[in-house]
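2 protein chains.
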Amino acid sequence: MQSIKDLIIQNNNQEWFKKLRIGLEKESQRVTLAGELAATDHPKTLGARKYHPNIQTDFSETQVELITPVFENEHDVVSYLGALHEVVLRSMKQEEMLWPLSMPPILPEKDEDIIIAKLEKFEDVLYRRYLAKSYGKRKQMVSGIHYNFEFNKQFIEKLFEEQSEYQTLSQFKTALYLKVSRNYLRYRWLITYLFGAAPISEAGYFSEDEEKPDEPVRSIRNSKFGYTNHDDVFVSYETLERYEQDIADLIEQGKLSEEKEFYSPVRLRGGKTMADLKNAGIQYIEIRNIDNNPFAPYGITEDQVEFLHIFLMYMLWLDNRTDNADELLKVGTQLNNEVALENPLNMTNYLTEGLGVIAGMRQMLDEINASANWYYLVDKAEELLNDTRKTIAAQMLTMFEEEQLTQHEFAVVYAKEYYDKAWEKIYQLEGFRDMELSTQIMIFDSLQRGVEVEVIDRSDQFIKLTFNGKVEYVKNANMTSKDNYVVPLMMANKIVTKKVLNEAGFRVPLGYEFQSLERARLIYPEIAKTGFVVKPKSTNYGLGISIFKEGASQEDYEEALAIAFKEDTDVLVEEFLPGTEYRFFVIDGKTQGVMLRVPANVMGDGQSTVEELVKKKNQDPLRGTHHRSPLELIQLGEIERLMLKEQGLTIHSILEEGQVAYLRENSNVSTGGDSIDMTDEISSHYKTIAEQAVLSLGAVICGIDLIIPDKEVNPFESKNAYGIIEANFNPAMHMHCFPYQGKGRRLTQNVLDLLYPESKVI
Amino acid sequence: MQSIKDLIIQNNNQEWFKKLRIGLEKESQRVTLAGELAATDHPKTLGARKYHPNIQTDFSETQVELITPVFENEHDVVSYLGALHEVVLRSMKQEEMLWPLSMPPILPEKDEDIIIAKLEKFEDVLYRRYLAKSYGKRKQMVSGIHYNFEFNKQFIEKLFEEQSEYQTLSQFKTALYLKVSRNYLRYRWLITYLFGAAPISEAGYFSEDEEKPDEPVRSIRNSKFGYTNHDDVFVSYETLERYEQDIADLIEQGKLSEEKEFYSPVRLRGGKTMADLKNAGIQYIEIRNIDNNPFAPYGITEDQVEFLHIFLMYMLWLDNRTDNADELLKVGTQLNNEVALENPLNMTNYLTEGLGVIAGMRQMLDEINASANWYYLVDKAEELLNDTRKTIAAQMLTMFEEEQLTQHEFAVVYAKEYYDKAWEKIYQLEGFRDMELSTQIMIFDSLQRGVEVEVIDRSDQFIKLTFNGKVEYVKNANMTSKDNYVVPLMMANKIVTKKVLNEAGFRVPLGYEFQSLERARLIYPEIAKTGFVVKPKSTNYGLGISIFKEGASQEDYEEALAIAFKEDTDVLVEEFLPGTEYRFFVIDGKTQGVMLRVPANVMGDGQSTVEELVKKKNQDPLRGTHHRSPLELIQLGEIERLMLKEQGLTIHSILEEGQVAYLRENSNVSTGGDSIDMTDEISSHYKTIAEQAVLSLGAVICGIDLIIPDKEVNPFESKNAYGIIEANFNPAMHMHCFPYQGKGRRLTQNVLDLLYPESKVI
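Line by line, the protein sequences are chains A and B.
For the record, in the first sequence the residue sitting at position 123 is 123 according to UniProt numbering, with numbers rising by one throughout.
For the record, in the second sequence the residue sitting at position 520 is 520 according to UniProt numbering, with numbers rising by one throughout.
Excised from the complex, chain A in its bound form:
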């Protein structure tokens, strides 16, 4: 093979070389808060395992497997893994958590109490029974991380165009990944050294009569005592043909039941099945020797992922003989086993080779103009080589000793920490906290029920969902393909909305639109004695609005007009509808939530000042800023102080017990208002009206605001029992999911039911 290094440098392909595509898989055991293996089934809320793309069970019913989609950078893949972690933790019983180690917790004494995953397909169950028999159930309880790695496709195409050795792109690609795999297998001991995190087995893991390691070691899992095939399984990585033939022969000989039983640290992948590999050549490789890192909340840190990336780049970069493939592999396996079984606190026997690899990596970084962070990661690896106490396994041992903890206790401490973190802000989702809350909740619900999620544009809250091959795009969690385009345009225009609702027979505040004060003046006699509102057509935040609840003098009316015309060229003069405003959230013809919004307020306790009461109320974990929490912090700015003043108060006033002070006139949650769920308190009559009104607008997802003077009145038997004042095509969802008071309504689930009825989890 030509020097890849030269091909890259001479043709200026450094930037393409740096790109990657990566997907992670991570297993871990469900345990009780005490660290005992869970006796419960896989959570029902996670939907059916037969299709769930991201959350599966591996060998046992307790062994959760998380699978991320493929990403093009390290940050995104770890974030997504974090999200899956949170989804699983919050889907499990609240008395369960995830075991943070590769080595399993203390296992039940009897093998039959280790429950094989209850999968629907009987062949999947049969395979697991075979594994239990062939390797023992306990070995199968080990967990780890798989790292699916691919170079950028265009990078490979560019290299291919510039080389002359291979005829087809597929041949070239296969040769390239074989080289990486061989080199990785040869040097993988360094990864075991750096990231090995399985120093000790719990009692009962090895049987009495079994050969076992001299614990502590760097990684039982990566040693010959770990998750490996029997000794008589050897597969060559010299050529793809030999690799395939060897596996086929082993299956033929009954030494492997099928391809996936081949537990190599590097598996060649052509697609989903072995046949894909034959047809398409190697498309990517699966690195399988990463232990769960207990110090990382999700089992692996972004730095580890990035270091592995550089390491794999180096495995391509590194030129060496190719005529000794099988030999190299055997040397690699031997070195790895030795290093895996070293005491973590001792220096490795292969320091010199390790430092050589590091030096080579650094040289590569120099030649490809690498970022400072990559140098930092390589420096750090060197530091770990020189100071073995800084490796993960050694740090674990040090901690056991310093904190006087058993490994079990240590694992419980960390598991609990990650568990607490997952339950802390249950309305947010790791990896997506920069997105709007409603979108975070929808992503959570999607991941939970097995709908694939891809963020198309973060700042635009644009996500792509896929279920059973069907793609749906969603923006702001409430804008979907189910609504037709003209409906939101209609709702964006107050005049149009009113006209349509009015024509359909719903009560709306009637009124006029004016472009001139002169014309507006003329209608005074008509409204003089009725309640009315003067407002600019387009503004939304109360600016320029005057409300006359029981008529007004000609002078007051004209002043109100003047104020409104300052804000807009179009002014509306509308009937005033007295009553309480409720938001009805209608999805697919059904009212899924009714919300009462109360302006920002505090209630006195007889001793605290308004300022103190606000501070206290703001401690509610549901309150935050910028729509990243279901409620917003109450402010004490100019508007709030003015509002207090109108009530004869200041921020230093002490309120009597039960005395309520309002800090805002408007009831928006975005200005600190309270959200109170009223779904069960509002009669079905009003829900029917809301549903019919939404239907008449043609909307599928809609927040519609009704003014109701007395909710006990039957609107079908009484005139003017309600009025519709607005229909919203981008209604906030998070406040319904996590209200200040009352029951939460998971509207995001309703939207998902609408988009994918077949994904509904009962």
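Calculated from the structure, these hints are not laboratory results.
Just so you know, not all the hints are guaranteed correct.
You can't tell identical chains apart in this list, so a pair holds if it fits in one copy or across any two.
To be verified - Below 20 Å or equal to it, Euclidean Cα-Cα: the simulated DMTMM-like pairs (lysine to aspartate or glutamate) are: (1) 470 x 503; (2) 464 x 513; (3) 464 x 665; (4) 5 x 526; (5) 590 x 434; (6) 19 x 518; (7) 529 x 157.
Fit chain B to the supplied structure of chain A, relying on the hints for placement.
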């Protein structure tokens, strides 16, 4: 009946009293440009008469009847009538126009050459045959205007609540409209005096042996020689019961064939049929004695409509005896006939009564705080009473004499004037010229094929269409219920659009999005030698964009980044795609138009300066401003002068013959660019690509921009034959309908076909 006047004044109902609902119907004869009755059929482009709500034929195939919807003000109804006029004129053969008089043009000598309307329903034809036999075909060729009038419903409800005489609203309403009708019948001679416009009949209209008026008169049509029933038809307006009974009796006696043969100047209306009247009481009245005013382009002026409104208000206001209903009616008929047969140049015999009515009307205006315009209209009527030469009929006669014209010649002159006006700016539509051009064109096409149009919000270009009971809302002529909501949101986001198209396998300019200059700098090596574009993510008008067609130095790249980051926090660095940009307009899966847009330019003639050439090019009637014309005027502002400077030119430079000077870099039609239709020049391959790309976006109405380096290349056989650079969810339509060069593509018709396939006119 209680005094209506008192009920209005005492309860402050003046403003409600002033409101009205009005619909107009107007008949006229199709004639050749020489003024001969047309021998052609009703235009096929107007769709089927069996459902057309606005454009019908009355008695003969040549007698077009225009029917407006109901409006709440005079301006809108006249505007709409104007629109219907333009639609009909532009749908007729270009050698035909509309006769502007109530009296028909010279009719064919033989009765059989007057063709009865070719209607689908045989009973409609039979009825017309009966009329021809009963009244003679010639009488049925008279045209006129019907004025459907209704008071505001809330006004009537308010009055009803305040009176004590009637038990039910329906009874009250019926009494109220009966009063108006009786008074109108009594005083209608004043309308005949003011608006009579049928002084002379053409030769052959009356047969030799027939009794005929002593011409000229004020209105043959409104006299006993006009369009009236036979003498033995008398119907009482005393009560609704007597009205119904009398008509029923006349039908029973064979004196009327059916209710609609009752040619009263006031017809009571309860709905569509006589039965509705019985069930619902009177809902509105139809005033039928208005002659076509030849001085008004559409047969009636807004002032006339408004005067009739005030006159009808006065007919309600006016208190009088109710025990002499039949007598009043007979007096009214007699007075009207007398006035109708007066010589228009002579003073009327009933001046005193007329002045009395005027005085009463003025008093009413005083009591209801009327606007200045209403006083003006009443003053004007008084002026006409005092000076008979100012009446319409008299003005016609004066003109015949002064200009030495026959009535026929006079009518041709005016018909031609209105005809010319209708053909002048064929891309605009009377009554909707304030709306965007695409919406005007769509309204035209809708009215033409019989789709009902209601403007819901003018400034928002929001219209409601109804066909066969099915409602569709349309905004900007291209936003409809056929597109789903998430698709335009997708297209509004360039990143999302590119991702989706790229994943679907279409070529798009690949690239990156950056939030920081530092990160953007790093990719320089990757793009150094390729063509690329640096641009702010969100701006649209070329601001902050740098194009490097063949790579750039590191310095230039960084400068371009700095410029782009000044415009936006997100900057895109994208592959540059060389070639010509074409807009493909895809509707419902089919490319309906392909457009090449060329930047504003002029071509020299060897003697004119750039400034002169621009002036000349701007004289094209297709050029205008503010999107009210298919092309925009070319400006000579700072940008254009700078652009000239770059070509070594000023506005005073004389261009050689054939020399082209560009005045803009961007090709937008909105900055004076030329639109060139290329639909027939572009191969179906590219159309297929555009259609498939639009399909992959899920869009139904979409303008998609392809860069094509060489349109002769087959994109299915060549790599990089095209690139998609944008998909537009609000693509301009008018430029396709009326291009600068090439064939017009009536995209609005395609949208209507999509919304209402069953309305399609072949």
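Legend entry - Intra/inter-copy verdict for residue 529 and residue 157 if alpha-carbon distance must be at most 20 Å: between (79 Å within a copy, 17 Å between copies)
Inset, instruction - Evaluate residue 464 and residue 665 at a C-alpha cut-off of 20 Å and name the case that applies: within, between, both or neither. - result: Intra 39 Å, inter 37 Å, cutoff 20 Å: neither.
Inset, instruction - Give the relationship of residue 19 and residue 518 under a CA distance limit of 20 Å: within one copy only, between copies only, both, or neither. - result: between (66 Å within a copy, 18 Å between copies)
Legend entry - Identical-chain pair category, residue 590 with residue 434, by Cα at 20 Å: neither (31 Å within a copy, 40 Å between copies)
Legend entry - Within, between, both or neither, where residue 464 and residue 513 count as close if Cα-Cα is 20 Å or less: between (41 Å within a copy, 19 Å between copies)
Inset, instruction - Check residue 470 against residue 503 for me: Cα-Cα at most 20 Å, and say if that holds within a copy, between copies, both or neither. - result: Intra 38 Å, inter 14 Å, cutoff 20 Å: inter-copy only.
Legend entry - Alpha-carbon proximity context of residue 5 and residue 526, limit 20 Å: Only across copies: residue 5 and residue 526 sit 17 Å apart there, 86 Å inside one copy, limit 20 Å.
Of the numbered hints stated above, those contradicted by the structure are hints 3, 5, listed in ascending order.
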